[in-house]
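Top to bottom, those sequences are chains A and B.
Numbering of the first sequence is given in the numbering used here, commencing with residue 1 and proceeding in unit increments.
Numbering of the second sequence is given in the numbering used here, commencing with residue 1 and proceeding in unit increments.
Heads up, a few of these hints could be off.
One copy or any two copies: either way a pair holds, since identical chains are not told apart in the list.
Said to hold, decoys possible - Straight-line alpha carbon distances no greater than 30 Å define the calculated DSSO-like cross-link-like pairs of lysine-lysine that follow:
{"hint": "1", "residue 1": "Lys-3", "residue 2": "Lys-111"}
{"hint": "2", "residue 1": "Lys-52", "residue 2": "Lys-137"}
{"hint": "3", "residue 1": "Lys-574", "residue 2": "Lys-628"}
{"hint": "4", "residue 1": "Lys-534", "residue 2": "Lys-628"}
{"hint": "5", "residue 1": "Lys-366", "residue 2": "Lys-21"}
No lab work stands behind these hints, which were simulated from the structure alone.
For reference, the chains in residue letters:
There are 2 protein chains.
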Amino acid sequence: MEKFFTPRGIALIGATANQLKGGYAIIFNLQQGYTGRIYPVNPRYEEIAGLKCYPSVAEVPDPVDLAIIFIPAARVLAAVSEVARRGIRAIMIQSAGFAESGQSGRDLQDKLLDVSRASGARIWGPNCMGLVDAHRKFVFSFASSAIWEKGLAAGPVSLVVQSGLLAAGFLIDCMAHGTLGIAKACSIGNKSDVDECDILEHLQADPETRAVAMYLESIRDGRRFIDICRQATKPIVVLKAGLSRGGAAAALSHTASLAGDGALVTGVLAHAGVTQARDFGQLMDMAKTLACYPRARFERPPRVAVITYSGAAGIVSADFVEREGLALATLSSDTMAALKSWFPDWMPVGNPVDLWPAIERHGPDKIFREALRALCKDPGVDLVVLHVFTGGRFAETDMEPLVEIARQAGTPLLCWVLGTRAAVRPFTVRTQALGVPVFREVGRSIECAAALNRPPAITANAGHAEKIGAACRQMLASADGVLDENESKNILAAAGIETVEEVVVAGRDEALTAAGQIGYPVVLKGLSDGIVHKSERGLVVLDIRSDAQLEQAFDRLSPALPSNGRCLIQRHVKGELEFMAGLVRDRQFGPCVMCGLGGIFAEAIRDRSFAPAPLARQEALAMIDRLKSSHLLDGWRGQAPTDRNALADILATLAALGLADGRIQEIDLNPLVISGGRPVAVDATIVLG
Amino acid sequence: MEKFFTPRGIALIGATANQLKGGYAIIFNLQQGYTGRIYPVNPRYEEIAGLKCYPSVAEVPDPVDLAIIFIPAARVLAAVSEVARRGIRAIMIQSAGFAESGQSGRDLQDKLLDVSRASGARIWGPNCMGLVDAHRKFVFSFASSAIWEKGLAAGPVSLVVQSGLLAAGFLIDCMAHGTLGIAKACSIGNKSDVDECDILEHLQADPETRAVAMYLESIRDGRRFIDICRQATKPIVVLKAGLSRGGAAAALSHTASLAGDGALVTGVLAHAGVTQARDFGQLMDMAKTLACYPRARFERPPRVAVITYSGAAGIVSADFVEREGLALATLSSDTMAALKSWFPDWMPVGNPVDLWPAIERHGPDKIFREALRALCKDPGVDLVVLHVFTGGRFAETDMEPLVEIARQAGTPLLCWVLGTRAAVRPFTVRTQALGVPVFREVGRSIECAAALNRPPAITANAGHAEKIGAACRQMLASADGVLDENESKNILAAAGIETVEEVVVAGRDEALTAAGQIGYPVVLKGLSDGIVHKSERGLVVLDIRSDAQLEQAFDRLSPALPSNGRCLIQRHVKGELEFMAGLVRDRQFGPCVMCGLGGIFAEAIRDRSFAPAPLARQEALAMIDRLKSSHLLDGWRGQAPTDRNALADILATLAALGLADGRIQEIDLNPLVISGGRPVAVDATIVLG
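Model the full assembly from the supplied sequences, consistent with the hints where possible.
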């Protein structure tokens with residue numbers, strides 16, 4: 001990978017002297033900052049832009065580490081062969097017309113890979129905009145020269161973007177608006193070979209990168225991606241697009257249908273310790289915030305203090321603090337006293353700290369410093385959001401001493417600014433150069449404060465496939481398709497999950513006998529392969545309390561039963577809460593476990609949590625914590641609290657099952673009734689593929 | 001009010017020649033654009049800024065319609081008396097030091113009102129930044145001259161802001177960044193007399209105002225505010241701050257505690273047909289969008305088509321379309337065919353419409369027009385979001401023909417732009433001048449598209465207090481404090497709400513007799529004044545099926561009972577769904593009705609809806625529709641659908657109760673069990689104050 005980022009020489013196949021073409025733009029861009037040798041390759045020229053031009057790459061002299069190819073797709077394969085023969089091991093293909101453009105393009109792309117693999121070369125692209133290194137001023141891209149509009153602003157955030165066009169447009173926008181410094185920007189296009197994982201590994205070791213922002217439509221190797229993220233020492237923010245798509249409509253189980261709208265990706269990212277963004281600007285704002293404070297870690301949602309010159313902006317900030325799940329810091333009596341000494345008598349001290357009346361008396365510089373000093377000393381304050389107005393009659397706020405106060409205290413400081421056009425941009429550039437992120441919207445400043453509360457990287461011994469014993473594996477091996485409720489639960493019981501006591505019966509008499517064994521109240525269910533939603537079909541009668549009631553229920557049910565007439569008699573479990581759990585095999589991330597509230601809740605609120613297998617208990621507990629409704633497990637209206645460890649162990653076992661047998665497509669435990677604090681699987685479906 | 005907005009002459013009490021003071025800034029600002037007579041008043045000067053200065057307001061000649069007062073608070077009362085004596089009926093007090101600064105300030109403010117009321121004058125302020133009219137270039141304010149930085153950009157949005165400082169800062173920011181034109185900006189400060197309702201009425205009649213954006217911390221007359229908004233012909237967007245505050249901790253009922261976090265305000269605004277914003281920039285972006293399309297109305301969530309040059313931006317847009325509750329338009333076969341004719345063969349046609357491959361072949365201008373024309377013709381497309389890149393090597397997108405196509409079709413068009421710094425701002429200013437809003441973030445563009453889907457203004461005959469009969473009123477009049485469950489339900493039943501059959505009993509024998517009358521299964525509940533949460537205290541036994549079980553339950557319960565030992569025997573209602581409803585008397589909006597899912601749902605999800613009384617059935621139905629979980633009422637897993645009219649009538653009756661008796665502070669119907677589709681009140685509490 002190093003050869004892509006710091007090549008000693010670059011051959012450009014597709015160089016041209018036509019200044020309107022990308023083949024010229026690449027030369028132009030290289031000449032602005034690249035310090036190694038540049039070798040244009042094109043038999044039609046002797047010289048381009050003052051550089052000797054070579055008729056073929058075979059004739060390019062050493063040193064040459066990287067070949068950039070920018071010629072029509074049809075000629076790329078021949079060029080790659082030639083480049084590989086020349087012994088170049090890093091090939092960046094910026095041409096389009098491959099996998100993104102249909103089947104013939106896909107075939108062509110596969111052929112490129114055959115050639116490169118045979119020669120040991122790596123391919124970056126095709127259909128990409130290449131690479132920008134703002135610290136070294138390297139631009140390996142045909143991107144618009146507009147990128148140089150204000151010079152490349154070097155900074156601590158590296159950007160990885162899957163889409164070529166967006167990469168260019170977005171990068172130019174970021175650069176041109178100058179409010180964010182970039183370390184490296186990588187457009188990886190079709191990622192036929194070099195993918196987000198390769199780049200991410202490289203960036204984790206890159207000294208100029210302090211945080212990574214990624215825009216991804218797909219993740220090629222989900223498991224590797226998770227592993228890299230979990231081991232990452234630098235913060236990673238991901239905007240994963242396409243969350244609203246998915247095969248949800250065709251899913252058999254709740255678990256699979258719930259995975260369809262992005263909850264699975266959200267869970268995987270949280271599990272991997274990655275911050276999730278939803279929009280492009282937000283992605284960069286979060287990344288710049290994390291780049292400013294890459295080591296900030298909090299044991300609980302950070303307690304925020306807001307310093308403002310406007311009560312209104314303070315109140316709106318407080319509303320966002322609550323909405324983002326942060327806490328408004330309760331100020332210590334020392335802090336209150338310190339602030340009180342600067343405030344007029346009539347002004348109550350609180351958080352948000354409205355400094356205006358104090359500013360009117362003592363001037364802004366002094367008051368901002370005194371207030372910030374007091375708040376940074378306060379053990380109840382985890383971070384500070386500062387509101388600034390700049391421009392017009394207002395003296396420029398001197399940020400340097402403020403930044404220094406916060407830095408010495410180790411308190412992250414974020415800034416929201418209003419002001420005149422002439423003043424806002426220079427203020428933003430200057431303040432961000434001091435290492436403090438500046439925002440233009442109150443909500444964004446608090447969202448980014450919340451992004452500092454990163455999901456912890458958990459490293460625990462996970463419950464691997466080996467947990468699943470031979471008997472259970474054997475049962476799975478001999479089953480097929482959509483398993484009925486009883487088969488499914490037998491397998492889960494063999495894996496160690498507590499299931500409800502039940503007997504399969506074939507007629508009314510057997511049903512009565514079974515009920516006698518189990519003891520009333522019982523549940524009667526029709527049992528049929530492939531029928532997943534029994535309740536909707538009237539095949540479930542709950543809470544049967546006597547033989548007479550059972551006979552009645554049986555007679556009512558039997559016309560709806562399939563020809564074999566098999567039923568289940570089940571102990572009726574009265575629980576305090578209905579939970580659900582499951583497993584789905586995701587195309588990108590492999591087996592992923594789900595949990596959430598069950599029964600009617602699963603219909604009413606899509607509050608559920610996902611995580612990829614394997615799962616240690618600690619990880620499963622974290623997954624449960626991510627549920628918005630997890631507080632219900634602490635006991636509700638005087639009910640016993642749920643045994644979270646027991647619940648977590650079920651989730652870990654589901655993960656192990658998913659790893660133990662690759663044929664398992666879906667598992668659904670719905671409901672998992674919490675009875676006396678213990679989870680019991682009352683209904684279940686396993687789908688084998 | 002007209003005298004505040006278009007006075008024929010203005011006296012300025014507190015004028016000064018000191019250019020660093022606000023008393024000079026007001027003169028300076030007036031001189032920039034105000035065309036009427038300006039009369040500085042200050043005995044220390046003969047002349048200020050070339051204007052004759054008067055020793056007292058008594059000596060100011062006609063015409064003079066408005067007095068602006070900007071002197072220390074202590075001298076304001078005398079000045080107001082003098083101004084009133086001079087016969088001036090519009091007084092704008094920009095000085096601070098009144099109600100916002102404690103009790104003595106509050107007293108002083110009250111005295112101002114006494115004087116002005118006696119004279120028939122109106123007071124605007126105090127503690128305000130006054131008024132800006134960007135069309136007439138009137139600035140009646142001491143606001144920073146930075147406001148003139150780029151001239152005042154006149155436009156269609158009027159801004160009403162409660163906070164003085166924020167008004168100035170925010171206005172300067174908006175103006176200076178020049179991406180939004182303002183009609184009028186009104187800073188109403190302490191609104192001792194002139195308040196948001198007065199201004200709103202005036203702006204509704206103002207020809208230059210096409211939409212109103214309001215930042216409010218409090219609403220002085222909530223009922224009048226609702227009435228004005230419901231009758232408004234121009235769109236209104238409100239950022240109501242302080243949503244996370246409230247007396248929730250002290251609330252007795254669920255209804256009151258659920259009102260604490262902003263749901264009540266959200267419900268009231270929706271009921272009044274007002275769009276709610278959460279942040280300052282968003283407030284202005286929504287208002288500018290509504291000002292561009294003030295008459296856009298949709299029968300269902302609008303179906304959005306996205307035209308993009310980047311597949312990535314298209315996918316992210318689609319994710320936001322789903323998140324904001326809009327629909328992605330399904331393109332007609334005509335539209336598909338039209339697009340297909342410009343696309344390369346390998347490129348599938350869909351929505352979002354990714355035009356890049358077509359742009360590469362046919363150039364952007366032609367393709368943007370053809371695509372937009374096809375989409376605007378499509379009966380399945382309600383609005384279009386267009387993505388533009390501008391600057392650098394990219395030719396300027398010619399927006400005029402595009403805007404014209406959309407305008408002729410009557411299709412709202414919104415624009416998201418990326419590009420170079422040099423190009424983005426001029427593009428934005430130019431495009432917005434054509435009447436199309438431009439956004440810098442994908443999410444914001446879709447949020448604002450969603451804002452076009454305004455809550456409908458419902459005008460129906462509401463269920464007024466007269467609905468409540470004399471018997472019910474009498475029962476309320478003879479009750480006091482926190483009523484017990486039985487008293488509460490008797491009153492509700494008298495008002496026409498269906499309640500569960502129940503008998504009050506005083507001992508085991510009475511309980512057995514009552515159960516015999518009602519028929520098993522029954523519920524046993526301890527009955528005690530002031531005990532609201534009976535379940536948590538173990539005072540409820542559900543689903544008792546026999547005398548033996550009842551005796552057992554009674555013996556278990558009785559030690560926990562209060563000395564009178566009174567209990568309730570209730571029919572056990574097995575419902576398919578637990579709902580809840582209630583009433584809370586809000587300080588700003590009077591009696592407000594609440595509904596939502598009940599039982600454990602009320603703990604798990606705070607999904608509830610509020611609306612102010614009175615409520616017609618149609619309004620109550622709209623209120624139910626606003627619940628995220630309202631789809632559960634359509635029948636869940638084969639259950640009967642809930643009778644929404646019956647539910648709506650209960651809500652209307654609660655509203656009528658709130659209007660009929662001002663002593664009712666809270667009513668809680670929790671749960672309101674839906675049984676066979678009909679709502680039955682199973683538990684209830686009324687709190688009289």
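Margin query: One pair to classify: Lys-3 and Lys-111, alpha carbons no more than 30 Å apart. Within, between, both, or neither?
Written below: Answer is within: at 23 Å inside a copy they meet the 30 Å cutoff, but 79 Å across does not.
Item checked: Up to 30 Å CA-CA - Lys-628 versus Lys-534, copy category -> both (28 Å within a copy, 26 Å between copies)
Next item on the list: If the cutoff is 30 Å on CA atoms, where do Lys-574 and Lys-628 land: within, between, both or neither? Let me know, please.
Entry: Answer is both: 24 Å inside a copy and 28 Å across each meet the 30 Å cutoff.
Notebook entry, point to check: How do Lys-366 and Lys-21 come out at 30 Å by Cα distance, when the copy is not named: within, between, both, or neither?
Noted result: Close across copies (21 Å), not inside one copy (56 Å); limit 30 Å.
Next item on the list: Since the copies are identical, ignore which copy is meant and state whether Lys-52 and Lys-137 lie within 30 Å (CA to CA) inside a copy, between copies, both or neither.
Entry: within (22 Å within a copy, 63 Å between copies)
Every hint from the earlier list agrees with this structure, and none is contradicted.
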